[in-house]
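A.B. asks: Sequence:
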Amino acid sequence: MSKLPDFEGLAMFAKVVEERSFAGAARAMGVSVATVSRAVGRLEERLGGRLFNRTSRRLALTDFGHSLAERAMRLYDEAEAAENAARELSSRPRGLIRLAVPMSFGLRWVAPLLPDFFRLYPEISIDLHLSDATVDLVGEGFDAALRIAVLPDSSLVARRLCPVAPVVLAAPAYIARHGLPRHPRDLKDHHCLGYAYRRRQDIWHFTNGAGEEESVTPSGPLRVTNADALVPMLLEGLAIAELPEFMAAEHLADGRLTAILTDWSLPKGGLYFVTPSARTRPAKVGVLADFLVGRLSEPAWRRSVGLGKD
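Residue numbers (this note's numbering): 3 to 312.
Misleading hints may appear alongside valid ones.
What follows is a list of derived Cβ distance ranges for each label pair [as the list claims (entries may be wrong)]:
1. 302 / 37: 55 to 61 angstroms
2. 300 / 234: 27 to 33 angstroms
3. 161 / 77: 39 to 45 angstroms
Think of the hints as simulated: they come from the structure by calculation, not from any bench. Built from N, CA and C at the ideal position, the CB exists for glycine as well.
Using the sequences and the hints given, assemble the complete structure.
C.D. replies: Written out as structure tokens, the structure reads:
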């Protein structure tokens with residue numbers, strides 16, 4: 003015998019008691035009369051006693067059935083209440099969201115949006131994890147993440163918000179001192195700063211409009227796990243580096259940095275809202291996704307200094 007109670011049999015027995023017929027219980031639960039009859043018969047066999055006296059015209063509880071009916075109906079009501087509460091929780095935007103976001107992007111573009119989000123959804127709270135390392139959403143228990151990448155095939159569900167292009171930059175003082183690289187291969191004679199969390203090996207893969215390709219391995223005195231750490235070296239005119247356009251835009255706009263090798267491009271990624279599953283995504287995660295899509299599909303950096311071209 004199974005160690006678990008026959009919950010289905012108890013529920014159908016309770017419904018027959020409530021509806022006073024097998025046919026009424028079947029209609030109420032959306033199943034066949036035969037399904038209800040089998041479930042009650044299985045329960046009688048399991049418990050070792052008859053629950054109903056049945057004739058062609060009348061259905062009545064036995065004394066044994068009376069002894070079980072109240073508890074079975076209470077169990078059914080509590081299970082129904084539990085389901086309704088869970089359904090309301092999953093359909094109503096409330097509760098904690100664990101959200102992983104790249105650090106520089108999160109500080110610049112996500113954190114400033116949160117006051118508006120919390121005003122719209124006061125019953126939601128967010129545990130914001132800021133790191134450039136790629137987290138395991140399922141293994142580490144995250145509800146969602148924002149990722150900036152050329153997204154690989156994955157079992158995760160990804161919603162693209164906007165493109166994000168990398169920009170190769172240098173300060174005017176660096177160019178005046180060391181000259182302007184005209185071709186990616188010229189970079190071998192320059193200080194080029196590296197980024198540790200590139201999905202594959204830290205190599206810059208350039209292409210141009212003619213279909214030419216050139217790969218360069220950055221070689222310089224600094225390699226970092228967060229792109230903000232590259233900026234002081236750039237602004238001081240000590241090196242060349244690649245920054246994502248959401249960071250490059252402000253420095254291009256004020257003229258402190260200059261985009262170089264503009265006839266060439268690096269692989270363009272995108273900003274994605276990523277979740278473990280779309281089928282079981284609760285309402286709280288759905289409204290966060292819609293909010294971020296609304297605010298970040300056409301962000302300010304895409305409209306500045308000509309970086310808005312896909």
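A.B. asks: Next, verify each hint and record whether it holds.
C.D. replies: Now the hints, each set against the structure:
no.: 1; hint: 302 / 37: 55 to 61 angstroms; in the structure: 59 angstroms, holds
no.: 2; hint: 300 / 234: 27 to 33 angstroms; in the structure: 30 angstroms, holds
no.: 3; hint: 161 / 77: 39 to 45 angstroms; in the structure: 41 angstroms, holds
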